[in-house]
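One letter stands for each residue in the lines below.
2 protein chains.
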Amino acid sequence: MIKTALTIAGSDSGGGAGIQADLKTFQEHGVFGMSALTAVTAQNTLGVQGVYPVEPEAVQEQLSSIGDDFNIGAVKTGMLFDRRRIEVVVSAIHKYQWTNVVVDPVMIAKGGDSLLNETAHQTLMDQLLPVTDVITPNIPEAEALTGLSIKTMSDRKEAAIQLHKAGAKNVVIKGGHDDSTRVVIDLLYDGERFIYFELPRIDSKDTHGTGCTFAASLTSELSLGSSIQDAVKKAKIFVHMAILKASSLGSGHGPTNHGALRAHPKESVQLLEEVKVWEE
Amino acid sequence: MIKTALTIAGSDSGGGAGIQADLKTFQEHGVFGMSALTAVTAQNTLGVQGVYPVEPEAVQEQLSSIGDDFNIGAVKTGMLFDRRRIEVVVSAIHKYQWTNVVVDPVMIAKGGDSLLNETAHQTLMDQLLPVTDVITPNIPEAEALTGLSIKTMSDRKEAAIQLHKAGAKNVVIKGGHDDSTRVVIDLLYDGERFIYFELPRIDSKDTHGTGCTFAASLTSELSLGSSIQDAVKKAKIFVHMAILKASSLGSGHGPTNHGALRAHPKESVQLLEEVKVWEE
Numbered sequence: 008m009i010k011t012a013l014t015i016a017g018s019d020s021g022g023g024a025g026i027q028a029d030l031k032t033f034q035e036h037g038v039f040g041m042s043a044l045t046a047v048t049a050q051n052t053l054g055v056q057g058v059y060p061v062e063p064e065a066v067q068e069q070l071s072s073i074g075d076d077f078n079i080g081a082v083k084t085g086m087l088f089d090r091r092r093i094e095v096v097v098s099a100i101h102k103y104q105w106t107n108v109v110v111d112p113v114m115i116a117k118g119g120d121s122l123l124n125e126t127a128h129q130t131l132m133d134q135l136l137p138v139t140d141v142i143t144p145n146i147p148e149a150e151a152l153t154g155l156s157i158k159t160m161s162d163r164k165e166a167a168i169q170l171h172k173a174g175a176k177n178v179v180i181k182g183g184h185d186d187s188t189r190v191v192i193d194l195l196y197d198g199e200r201f202i203y204f205e206l207p208r209i210d211s212k213d214t215h216g217t218g219c220t221f222a223a224s225l226t227s228e229l230s231l232g233s234s235i236q237d238a239v240k241k242a243k244i245f246v247h248m249a250i251l252k253a254s255s256l257g258s259g260h261g262p263t264n265h266g267a268l269r270a271h272p273k274e275s276v277q278l279l280e281e282v283k284v285w286e287e
Numbered sequence: 008m009i010k011t012a013l014t015i016a017g018s019d020s021g022g023g024a025g026i027q028a029d030l031k032t033f034q035e036h037g038v039f040g041m042s043a044l045t046a047v048t049a050q051n052t053l054g055v056q057g058v059y060p061v062e063p064e065a066v067q068e069q070l071s072s073i074g075d076d077f078n079i080g081a082v083k084t085g086m087l088f089d090r091r092r093i094e095v096v097v098s099a100i101h102k103y104q105w106t107n108v109v110v111d112p113v114m115i116a117k118g119g120d121s122l123l124n125e126t127a128h129q130t131l132m133d134q135l136l137p138v139t140d141v142i143t144p145n146i147p148e149a150e151a152l153t154g155l156s157i158k159t160m161s162d163r164k165e166a167a168i169q170l171h172k173a174g175a176k177n178v179v180i181k182g183g184h185d186d187s188t189r190v191v192i193d194l195l196y197d198g199e200r201f202i203y204f205e206l207p208r209i210d211s212k213d214t215h216g217t218g219c220t221f222a223a224s225l226t227s228e229l230s231l232g233s234s235i236q237d238a239v240k241k242a243k244i245f246v247h248m249a250i251l252k253a254s255s256l257g258s259g260h261g262p263t264n265h266g267a268l269r270a271h272p273k274e275s276v277q278l279l280e281e282v283k284v285w286e287e
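So the sequence lines, in the order shown, correspond to chains A and B.
For the first sequence, this note's numbering assigns the number 8 to the initial residue and increments by one for each residue that follows.
For the second sequence, this note's numbering assigns the number 8 to the initial residue and increments by one for each residue that follows.
Worth double-checking, as some hints may not be accurate.
The list treats identical chains as interchangeable, and a pair is accepted whether it falls inside one copy or across any two copies.
Claimed, not checked - DSSO-like mimics (lysine-lysine), calculated; alpha carbons at most 30 angstroms apart, straight line:
1. K252 / K176
2. K10 / K273
3. K273 / K252
4. K102 / K10
5. K102 / K212
6. K252 / K10
7. K212 / K10
Everything labelled a hint here was simulated from the structure, so no lab data went into it.
Keep in mind it's a predicted model, so treat the numbers as computed, not measured.
Let's have the full structure, built from the sequences with the hints guiding it.
If you want it as structure tokens, here you go:
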């Protein structure tokens, strides 16, 4: 039986982020993807030209159509837009008892456009985190959610502890925005241990949708039965390959190549050995 | 450089049809997919529970975001909903001089729900067909567009001639709805020759999104540089495999398995030899 995953997020017309990145990534993992749209955006590699929210009732009806008919192996949330849509999502998670819930707290697009109303941060913390299995903020998102200023690894650990206390069973704070080093270190906190995942940094402007792609790969892996630690490791390699083999589409921040891992199996296997993992 | 394709269609929350089927199919062909949504639907294998049209201005803005930033190798249209949205699409095709335009004239969902206002049929014929490289109706759609009653292969040929006269450079009338035979014969008319493609019929209830999937595979093949005839043949095999290896998700008409061709390369190569092709 094929495994399934659901993405609840916005649509990126440019195909590099949002439900498009998620569905492509699920497909690359051999996982059957479904989707509930929270907003339609007109977007390309240069920025977001338009945002058209989908009414909360329509978000709810999509989730009902899915939940009433399908078994869902894992759920990923992306751009949730505002408080009302978050409440609809939380309600569906409760109703259908969905597990393996991955929350990518999308707030700001690569170009700087806001994708989550500020008033919704508290709703996300209060209502969504208690049903979250893994939350995957980058450093600016972790700062926005916790109110902390994150400069050091110690700050990151503090933010992870706060997000875990708020209810997220596991927290991954991604290190991509910390460009002080030649490596990217992602930090996983499961409430007991801090686990670090390190790979070399790739100099690339083609980073549109990296956050969606990482979280979608992680979601796929959970649907396929991976442990959290394995899922984080494999997702890191998936997105690393996707950036490395990007095709520089468009004239701004190009999308990643979601098919890179499959197209380059040898390099991918090599990366599995190269990624440094340690814990404390 | 990676090839690209654009789908202009509705969103199927269940993931088996609409832009979801298209993006998955593009991805399976190694083609980078983009999308402009015309409507959001709440839908599963049992039917369509809700349709939420995207405003024509938002359709236009998505198309502008795409056309202003990306080179598009092929374009597929699916559910266009009504006259105004068709006009926006035609205008973008002219503006950006998009080629390899594949029109899947989606009208009715598998469950019987209408996905194209009847008043829009004429707009599709008058405005979209003149910029169409391939139109891919099934028999009921060909009947609705031409007003003909299609019972025999001779009727099908007459319908193909009419659609070609209306402007479509190539017409594929799919035979899936003609269940009088144990084979499925698809008919291609390029204005000069009638070419037939035959494979055994598969008994399956998992046929949700077959039309989208066929047209999306054909679109991918055109983007990759295949001739029309090769593209039709390969698309027929792609969707045949997708039906054959479907996983019976949901309790109604389940989605096809878009990853089947890649997962079963030997069977797929064998089908390439088995498909009967003849012309007159």
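Query raised in the report: So which of the earlier hints does this model not fit?
Result: Of the numbered hints given earlier, the structure breaks just one, which is hint 1.
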